[in-house]
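> So the protein lines, in turn, are chains A and B.
Here our numbering is used: the first residue of the first sequence is 1, the next is one more, and so on.
Here our numbering is used: the first residue of the second sequence is 222, the next is one more, and so on.
Treat the hints with care, as some may be off.
Covered stretches of chain A, as calculated for chain B (at least 3 residues, CB under 8 Å) [as the list claims (entries may be wrong)]:
#: 1; stretch: 50-56
#: 2; stretch: 106-112
Computed list of lysine-lysine pairs in DSS-like fashion (alpha-carbon distance at most 30 Å, straight line) [said to hold, decoys possible]:
#: 3; chain 1: B; residue 1: Lys310; chain 2: A; residue 2: Lys112
#: 4; chain 1: A; residue 1: Lys128; chain 2: B; residue 2: Lys224
#: 5; chain 1: A; residue 1: Lys128; chain 2: B; residue 2: Lys316
#: 6; chain 1: B; residue 1: Lys370; chain 2: B; residue 2: Lys309
#: 7; chain 1: B; residue 1: Lys290; chain 2: B; residue 2: Lys316
#: 8; chain 1: B; residue 1: Lys316; chain 2: A; residue 2: Lys116
#: 9; chain 1: B; residue 1: Lys228; chain 2: A; residue 2: Lys112
#: 10; chain 1: B; residue 1: Lys370; chain 2: A; residue 2: Lys75
#: 11; chain 1: A; residue 1: Lys159; chain 2: B; residue 2: Lys309
#: 12; chain 1: A; residue 1: Lys136; chain 2: B; residue 2: Lys316
#: 13; chain 1: A; residue 1: Lys116; chain 2: B; residue 2: Lys631
#: 14; chain 1: A; residue 1: Lys136; chain 2: B; residue 2: Lys370
By construction, these hints were calculated from the structure, which means they are not laboratory data.
Think of the CB as a built atom: it goes at the ideal place given N, C-alpha and C, for glycine as much as any other residue.
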Amino acid sequence: MIHLQNIEKVYRTDTVETQALNSINLNVAKGEFLSIMGPSGCGKSTLLNIMGLLDEPTRGNISIGGNTAGHLNDKQLARFRNRAIGFIFQSYHLINDLRVLDNVELPLLYRKSSAKERKQLALEALEKVGLSNRTKHFPTQLSGGQKQRVAIARAIVGKPDIILADEPTGNLDSAMGNDVMDILVRLNKDEGTTIVMVTHDENMARKTHRLVRLFDGSQVQ
Amino acid sequence: MLKNYFKIAIAVLKRRKFFTFISLFGISFSLTIIMVLTAFSDHVVDASYPDAHRDRNLYVSMMRLTGEKHGFRQNGPPSFYFLDHYVKKMKAPEKVAICSFHKPSNTYINNKKLVIDQKFTDDAFWEVLDFRFLEGKPYTAQQISNAEKVTVISENLRKKYFGDVPSVVGRYLETDNVRYRVAGVVKSVPITQFLTYGDMYVPHTLAKKDPLDKGLNGEYFGILQGSSASSVPAMAAEYDDIIRRLPVDTSRFDKISSRADHYVAGYTRLFMGDQDNSGVNTLLLYTGLVLLFFLLLPTLNLVNINISRIMERSSEIAVRKAFGASSGTLAVQFIVENLILTVIGGLIGIILSVIILTAWNNAGLIEDVHLYLNVKVLAISLAVCLLFGLMSGVYPAWRMSRLHVVTALKTY
């Protein structure tokens, strides 16, 4: 599903050059639930951003579902992300000015779908994460766990093949974190969604199919 | 999609109320000024009572005599003699009216001084212009020829001089120690309609200026009326021909300049043009520069505010990009949001303009000048609104759409 070949990422300033990723070769199979672990600053989020086509590698190739990312322009990348990938962020990144339902509908705005269809799909997604009764709330009226569940609904509303989750339980207590993790496991199991998750939590990582460890930008496991 | 943009735009407006106030104030205040000025210029320039046929009229209001050798220069309105002797005989116009500029005269009512603006006219004046007679009728060519002391007065003067009485035709009015018999009363003309304004209209044969004076400069102007708008070029050409063939006092002057112009060009040639240049383009250029200045201030203000808002929306931009919005889509979103803001500002501006125009009309600062927010003014205002939105939205939108997703997510 996802093929990374000799991925390198170097951040340069006028005086300093930082090697964030070093020769990463990784294949993620369709339907796999992969977790990535490692100490802070080891390049986990950078790797996830590159997988999500939000960032470009300095060197190396990435292909997703047979599409080579380097060949796509801004518009094509945007369309590809919209169709194929759903994102979950540690800080939720919900739009506070929009109600829950509008937040969940957001990826569908960039497709040719009618308002009725958008609403229906968003309600289905919210039902899957158990938040059907919060559609008219604003994000600021929700708990952390509820916010992350809204973020999951937003990630799955467009029925993407891949979900990339950057420390989805990082800001939650263990009970809420377990709830969120259960939803992700269920998504992977029931709908065959490929999930790549960055986490600091060994317990969460144990619930996934495979664990990749990074250290100083290199893959060590 | 638009509904979503609208929700966001309203939420952003509510979020920073002080910035929103400054933005909306800038837009609405500038628009109000523009709309009130447009309404005023519309009132002055557009054909209106009683000069209703400006599309087929030409106006002669200036005659310039120059003597390059001796440095002589004589500028001013043409004389009655010139208009009567040369212009009246033109073939292209259907009718030619002659009238003077208004001149003040004094009278006393109940020991209170009343200044009455007099205008001297010929009989064609009443045919070329569409005066509405509230009572009576205009004086005739015969009465003019006989120098009868008759007058047509305005509705305002009737009220000021005679009070609230139903009819004054046949009654007498005295000003500058001359008694005139009232032949008719017309609906008043505002002073802004400079060429047709007057409190009382009297036969030109009663003017004190020597009727035998054959000079080319005087105190009159002519209105040439064609049968249709298409006859205007022929009238202008015939008039130019008359000026070319006009005998000149060669001991003092070597050149005569005068043009029969459209209404606006008649003014602009006087202040901004010359014989070959009507000055209309110069007026448009200056008007455009003033408009640009009025537009530029709130636009720069908006650009500044919009850019400062970019950072606080970086998370939203990043999320939209991550979920499939291209840079172009985001730029469009931001421009649309800005258009919504400017349209709201525009609506406030229109409401403010209506309030100001109503207050102006009720205050009666200039008699009989009623300003209206007509469709033309409204259309210009809305166009200005859209221009505001585009001008102030494009650059910030471009900056916003260039934000890098990962950087934007990290700054949140």
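> Confirm or reject each hint.
Results for each hint:
no. : hint                   : verdict
1   : 50-56                  : holds (count 3)
2   : 106-112                : holds (count 5)
3   : B:Lys310 with A:Lys112 : violated (73 Å)
4   : A:Lys128 with B:Lys224 : holds (26 Å)
5   : A:Lys128 with B:Lys316 : violated (85 Å)
6   : B:Lys370 with B:Lys309 : holds (24 Å)
7   : B:Lys290 with B:Lys316 : violated (38 Å)
8   : B:Lys316 with A:Lys116 : violated (68 Å)
9   : B:Lys228 with A:Lys112 : holds (20 Å)
10  : B:Lys370 with A:Lys75  : violated (84 Å)
11  : A:Lys159 with B:Lys309 : violated (85 Å)
12  : A:Lys136 with B:Lys316 : violated (74 Å)
13  : A:Lys116 with B:Lys631 : violated (34 Å)
14  : A:Lys136 with B:Lys370 : violated (83 Å)
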